[in-house]
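Enquirer: The lines below spell out each chain.
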Amino acid sequence: MSVMNASPSALSALARDLGAHSQGLRTLGQGGSATGLWRGLAAWEQQACEDQWCAELTHCAPALDQLAEQIARYSATVQALQEQWSRWDARIQGWSAEADRIWALLASADPGTRVALEQRWEELTVSIRSGRQTLSGLDDELDEHAVALGQQIRDSWPAQLVRDGINGYGIYKGTTRGFTGLTQAALGTGILSLAVQLSRAVDVAARSRILSDIRLFSDLARRVGPVARVPLRFVPVASVVSTASTAIPDLIDGNDYEGWRGTTTQVLAGGALVGSVAISIPTPVTVGTGAVVVGAYTAWMGGNAVYDNRAVIMRYGSLGFAWAKQSAAQLAQELPDPDDVQEATGQWLHDNVVSLPDPGEVKVPVSVGLPGIRVPVNVPIPRIPTIDVDDLNLDLPEIQQWGDYLGPMPPIPIPNPMEFDWPPLLPRTNVAPEAVPPTEMMP
Amino acid sequence: MTSQGDLAVDPGAVETRGKALVQSADSSRRIGVRVQAALEQLGQVAGVASLNAAALDGASRWSVGLDRVGAAGESLGLATQASAQAYRDVEWASQSRFLPTTGAGQ
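As they're listed, the protein sequences go chains W and V. Per this note's numbering, residue 1 is the first one in the first sequence, and the count goes up by one each step. Per this note's numbering, residue 1001 is the first one in the second sequence, and the count goes up by one each step.
Keep in mind the hints are simulated off the structure, nothing from the lab. Be aware that one or more of the hints could be misleading.
As the list claims (entries may be wrong) - Pairs of lysine to any residue residues, derived as SDA-like cross-links and limited to a Cα-Cα distance of at most 25 Å, are as follows: (1) V:K1019 <-> W:T58; (2) V:K1019 <-> W:R209; (3) V:K1019 <-> W:Q52; (4) V:K1019 <-> V:G1065; (5) V:K1019 <-> W:A48; (6) V:K1019 <-> W:S2; (7) V:K1019 <-> W:N5; (8) V:K1019 <-> W:H59; (9) V:K1019 <-> W:G31; (10) V:K1019 <-> W:T27; (11) V:K1019 <-> W:A55; (12) V:K1019 <-> W:G24; (13) V:K1019 <-> W:A61; (14) V:K1019 <-> W:G32; (15) V:K1019 <-> W:L37; (16) V:K1019 <-> W:Q160; (17) V:K1019 <-> W:R26; (18) V:K1019 <-> W:Q47; (19) V:K1019 <-> W:D51.
Note that this is a predicted model, so its numbers are computed, not measured.
All chains should be modelled from the sequences, with the hints used to inform the complete structure.
Expert: Quick look at the structure:
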C-alpha cells in the first residue's frame, strides 16, 4: 500500500516551497550595490568579500531548484502510479466479487454448468493473482523512484560550489583589527603626550584643559581597544581586580604572547588597571600617573595589533602609516622617564592598594573557542594576580619599536580582483621586530 | 563624510551596509531552517519509509550548509560595522589638537 500512502499534493506543495526558497536565495545573492560614500582599498576588499558571499548564496539556488524539480517529478510519478493502482484495484475487486458469486453457485449447479463455472473461477483466480502481482510491482516501482530521489536529496547540497569558510573574510577582519590597532597606538601615544604636557603645565586653565582631554582620550581608548574599564564606583583598588576588564585577561595570560612580548603585556596591563583608576580620581597627580600607564598600555596593545596584522595593514593606505610613524616620532620625543613613571606608580600603588579579594570569588570575562568562533565565558581566577611594584618595569621604549618597524610607506597595490593572490595572515610570533627581514613587510 | 587620502568614508553608510549584510545572513539561515523542515516533511508524505533517512540526511546538510554560509555573511557584516566604528574613532581622534596631523590624508 506504499503507493497509496504517498501524497502527491503534499509533495507538489513541498516542491513549490523549495522553489520559493530558491528564489529567496537568489534575491539575497543579488546583494546591495556598492556605496559611493566608501572608496579605497578597504571598500574594495569588503566589496570583494561581499560579492563572494553573494555568489555562494546564488550557487545554492540552482541546486534547490533542481531538488524541487526532482520532487515534482516524483510527485507526478506517484500520481501516475496511484491511478494505475486504483484501476488495478478496481479490477481485482470486480474479479473477486465475481469469483465469490461463482463459488456460491457451484454447490447447486448441474454437472454441465459446473464445468463452465469452475473454468471461469480458475480464470478469475489467475487474474486476481496477476492483478495483485501488478499492485506489488507498482509498490516496487515507487520504491525504486524513492531510492533515486533519496540519493538526489543526499547529494543536493552543493558542497563543491559553496566553500563554507571564506579566507577573504579573515583577511578583511585582519585589516579591521590592524586599523583599530593603528588607532589604539595613536591614542595611547596621545595619552602619553598629554601626561607629559600635564607634568609641565603650570597654568591652571591649561592643566584643567589637559585633564579634560586625558579623560576624553581614555574614554575613547576604552571604546577602541583593550584598556581597563574601571568605573569610579569600584574605587578603592580592592575591587579593581574583580571588575570586568579586558586588561585582566591580559594581565593573566599576556594576551597569549610568549617571551618578552607576553611579559611586557602583563606588566602594562597591570599598570593600566591601576592607572585607569588613577585617571578616575580627580587629583592632578594621580591623573598624570594613571595617564602614563594607561597610555603606555594602549599604545603597546595597539602596536601589537599593528604588528600582528602588518601584512594586511600594508594595503590600507596612507592615513594609518603617516599617523603611526608620526605617533612613534612624537613618542620618542616626549617619552616620560621610565624611572619617574615607575616611582610615581609604585608610590600610588603603595598608598592605594590595601587589600585584594579572595581567590575563587573573582571571575574574569574571557573568550574561548576557535578563531572566528569565540564565546565569552566567565572564568574564576584560581590565583589572584598580584601587582608587585618591583615588577612594574615600564620599558616604554619597546613601544617605539612598533612604529619604527613600519618602515617607509610602501607602494599600495591596486590589484586586479581576478588576479590578486591574497597573502596569508601572519601568525603571531615572538620574534623581535629587528629580527624580521624588512622585505617581509612588502605586500 | 570624511576624506582621508585613499579613504573616503561616510561611516553611517558603511554601518548601514554592515547591518544589511547581517540581516541577509540571518535571512539565509532562516531559509536553511525552512528547507530543512520541508525535507523532513518529505519523508512523511513520500509514501516510502526508506526515503525518510535520506530526507533527514539531506535536510541536515542543507541546514548546516546554509547556517555556515549565514555565519560567514554575519561575520563579514559585523566586520563591516566594526570598520564603520573604526572610521568614526579615527575621525574623532584625528580632529584632536593633540594628535599628529601632518601627513594624514596626504
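Enquirer: If a hint holds in the structure, say so; if it does not, say that too.
Expert: Against the structure, the hints:
1. V:K1019 <-> W:T58: 20 Å, holds
2. V:K1019 <-> W:R209: 38 Å, violated
3. V:K1019 <-> W:Q52: 17 Å, holds
4. V:K1019 <-> V:G1065: Holds - the C-alpha atoms of G1065 of chain V and K1019 of chain V are around 22 Å apart, at most 25 Å.
5. V:K1019 <-> W:A48: Holds, at roughly 17 Å.
6. V:K1019 <-> W:S2: 49 Å, violated
7. V:K1019 <-> W:N5: Roughly 47 Å between the alpha carbons, so the hint for K1019 of chain V and N5 of chain W is violated.
8. V:K1019 <-> W:H59: Answer holds: K1019 of chain V to H59 of chain W is near 23 Å, not above 25 Å.
9. V:K1019 <-> W:G31: 12 Å, holds
10. V:K1019 <-> W:T27: 17 Å, holds
11. V:K1019 <-> W:A55: Satisfied, since the Cα-Cα distance of roughly 19 Å is no more than 25 Å.
12. V:K1019 <-> W:G24: OK: K1019 of chain V and G24 of chain W at ~19 Å, within 25 Å.
13. V:K1019 <-> W:A61: At roughly 23 Å apart (the allowed maximum being 25 Å), A61 of chain W and K1019 of chain V satisfy the hint.
14. V:K1019 <-> W:G32: Measuring from Cα to Cα gives roughly 11 Å; hence the hint holds.
15. V:K1019 <-> W:L37: 16 Å, holds
16. V:K1019 <-> W:Q160: 29 Å, violated
17. V:K1019 <-> W:R26: 19 Å, holds
18. V:K1019 <-> W:Q47: 14 Å, holds
19. V:K1019 <-> W:D51: 16 Å, holds
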